[in-house]
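Position 290, counted from 1, in the sequence shown is what the numbering used here calls 291; the numbers after and before it change by one each time, with no gaps.
Possibly wrong hints are sitting among the right ones.
Lysine to aspartate or glutamate pairs mimicking EDC-like chemistry, simulated, CA-CA at most 16 Å apart [to be verified]:
1. K238 with E200
2. K291 with E356
3. K250 with E292
4. K232 with D284
5. K460 with E448
6. K185 with E25
7. K250 with D236
8. K433 with E453
9. K411 with E356
10. K232 with D219
11. K185 with D204
12. K578 with D563
13. K238 with E197
14. K185 with D219
15. K411 with E472
16. K317 with D284
17. K115 with E68
18. K487 with E448
Hints in this document: simulated from the structure, not taken from any laboratory.
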Amino acid sequence: MKESSEVLARKYRPSNFDELIGQETISQTLSLALDSNRLSHAYLFSGLRGSGKTSTARIFAKALICERGVTRQPCGVCQNCTLALEGRHMDIVEMDAASNRGIDDIRDLVEQTKYKPSTARFKIFIIDEVHMLTPQAFNALLKTLEEPPAYVKFILATTDPLKIPATILSRTQHFRFKSIATNKIADHLAHILHLEQIEYESDALEILARSGNGSLRDTLTLLDQAIIYSKNHVDVKTVTDMLGLVDPKFLTDLFGAVFAKDYGQLVEYTKILEDYEAEMVVDELIAYLKERMYNHDALFSTLVLDRFFRILSDSKYLFSINANGSFVLSLIFFKMVEALRIKEIDQMIESLQKEIQRPAIEVPHAAVAHPKPAEELQAQPTIQTKEEIEIKIEEEPKAAPYSIINPHVKSFEELIHKIGDRNHKLGECFTKSVTFVSYEEGILSWESCANEECKQILKHGYTVIRQLVREIFGFETQIKGLPCSKAMEEEEKKNDLIPENATQIAEPTATHPHLIEQPTMLLDQSSSMIEDAEISGSDSCVSNCSQSDESAKEINGVDITDEPMVQKAIELFEAKKVTIQSKI
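Take the sequences, apply the hints, and build the full model.
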């Protein structure tokens with residue numbers, strides 16, 4: 002006749018504090034209390050099922066009654082230790098409060114406390130699942146628990162300490178048992194299988210440990226089942242089949258299809274996953290991503306992991322409204338593919354810089370007049386005659402036809418397209434009125450010939466235009482609006498018909514250097530001058546702005562840290578890094 006086998010949870014129950022798994026803090030505290038003889042009359046052990054509460058209570062009781070004295074390491078060979086280990090010591094009373102929860106049961110227990118222990122040093126009462134006692138039973142126990150005889154010790158164990166009255170909690174030393182870490186459970190399983198001489202795979206033990214949810218007893222029960230199902234060879238395939246989980250290799254292939262953006266293969270994998278519970282599949286995907294993160298997989302960057310986890314978290318809500326599992330899984334995988342298409346901010350900036358920093362191609366372009374510094378104008382004030390100004394206007398060259406395609410023309414066309422996408426009417430006026438001239442040294446020059454209606458539209462939409470220019474040509478790009486060449490020709494013809502005394506020549510000053518280039522007409526202003534004020538705005542001035550007007554200066558994002566207020570803030574907060582952002 003074959004001998005009956007014992008389940009692993011009972012066969013390998015810890016018999017001393019050194020064998021406790023995952024409760025080092027509690028075992029050390031109780032051991033020091035035993036060695037220093039600083040003992041309480043009542044203890045409360047709370048925690049997850051299978052975390053070692055009852056085993057710790059039995060070890061502690063055995064340490065209290067050992068014939069060699071109160072010690073953290075009972076001998077295990079004396080009569081008291083042997084009887085305690087076998088669970089039949091008369092002075093160790095174990096009570097299940099789930100089945101003996103009434104006031105009469107507690108009265109019988111209190112009656113037993115009146116009698117001294119028969120053979121041991123203490124009389125120990127272990128009450129398991131103490132939270133199941135009725136309020137009347139708690140009240141009956143209250144006085145005895147507070148002031149028991151010197152030879153009585155109470156050890157209470159529970160999985161739900163919140164249901165225990167505060168009057169009971171205040172009369173006990175409370176030890177909270179934490180859930181056992183997965184790696185410690187896996188190591189303990191490997192140790193047991195070595196003793197049992199059973200072959201195994203480490204990945205299979207990790208799956209079992211994870212399925213136990215921090216409970217060692219639950220995990221050992223699953224290990225018993227896996228040993229039987231796998232015929233004494235615990236491997237990944239048999240464990241996943243037994244638990245109804247997804248094979249990790251399948252998950253690897255699944256994420257490979259996600260990164261390859263293979264929609265057809267993802268549909269096939271989704272059909273395979275219909276045999277599994279959808280919520281369990283999502284949990285397995287989260288566990289897989291967690292493992293990839295801990296293994297520092299280069300394929301799964303932090304941003305990708307964050308996006309995938311958000312997608313999986315959002316799917317939990319769909320399950321709560323009873324959405325179809327197969328549909329939810331398909332949606333998860335397709336959203337993951339789309340999440341990979343989104344570029345990171347650094348990648349967008351890098352690609353934008355590559356577009357901006359192209360090899361320069363020399364193209365013949367109209368010469369741009371640069372005003373002299375204000376200091377030179379103050380040092381050498383001159384007055385030009387009408388004839389000299391007219392000669393300058395006549396000599397201003399027109400844009401020559403390009404023999405080589407300017408690479409920035411394409412960028413300007415992209416700017417027109419984006420403006421049209423943002424505002425159709427603004428884009429129509431910009432396309433009709435504004436003409437690209439040049440882009441060099443961070444200055445974008447264009448010529449504008451807008452009518453009155455378009456001037457107003459361009460004036461109100463200039464902030465959007467400036468932001469799009471910075472996105473396409475670079476953050477530090479400045480805009481220079483040139484006068485309309487057609488309007489200047491018309492003004493020149495009108496000037497020939499106006500008497501000489503009707504024209505006033507502007508005298509160059511340090512604050513208005515641009516008056517050198519154009520005359521101020523008494524009869525009618527040049528449309529290009531109005532346009533420069535309305536379209537280009539004070540924020541886009543490069544060469545035609547007053548240097549004395551502080552409100553007309555464009556704030557340079559790079560130099561803003563030189564402002565006294567910003568410098569004071571940096572000094573006050575001891576800032577190590579300053580980030581400058583542009584807002585529309």
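Going down the list of hints, with the structure as the test:
Between K238 and E200, the direct Cα distance comes to roughly 14 Å. Compliance with the 16 Å bound is thereby established for this hinted pair. Restraint check for K291 and E356: the C-alpha separation of about 37 Å exceeds 16 Å, so the hint is violated. A threshold of 16 Å between alpha carbons decides the hint, and for K250 with E292 the separation of about 13 Å falls inside it, so the pair holds. Only pairs whose Cα atoms come within 16 Å are accepted, and K232 paired with D284 is rejected, the gap being roughly 28 Å.
At roughly 15 Å between alpha-carbon atoms, K460 and E448 fall within 16 Å of each other, so this suggested pair holds. Annotation: proposed proximity of K185 to E25 holds, straight-line Cα distance about 12 Å (limit 16 Å). Restraint check for K250 and D236: satisfied, since their Cα atoms lie roughly 13 Å apart, inside the 16 Å limit. Between K433 and E453 the alpha-carbon distance is near 13 Å, which keeps this suggested pair within the 16 Å criterion.
Between K411 and E356 the CA atoms are separated by roughly 11 Å; this keeps the pair inside 16 Å, and the hint holds. At roughly 20 Å between alpha-carbon atoms, K232 and D219 are farther apart than 16 Å, so this suggested pair is violated. With a C-alpha separation of about 14 Å, the suggested pairing of K185 with D204 holds against the 16 Å cut-off. Between K578 and D563 the alpha-carbon distance is near 14 Å, which keeps this suggested pair within the 16 Å criterion.
Taking the CA atoms of K238 and E197, the gap is near 21 Å; set against the 16 Å cutoff, the hint is violated. With a CA separation close to 14 Å, the supplied pair K185 and D219 stays within the 16 Å bound. Restraint check for K411 and E472: the C-alpha separation of about 14 Å stays at or below 16 Å, so the hint holds. Between K317 and D284 the CA atoms are separated by roughly 10 Å; this keeps the pair inside 16 Å, and the hint holds.
Using a Cα cut-off of 16 Å, the hinted pair K115 and E68 is violated, with the two alpha carbons roughly 23 Å apart. The hinted pair formed by K487 and E448 meets the criterion: a straight-line CA distance of about 10 Å does not exceed 16 Å.
Hint check: violations occur at hints 2, 4, 10, 13, 17; the rest are consistent with the structure.
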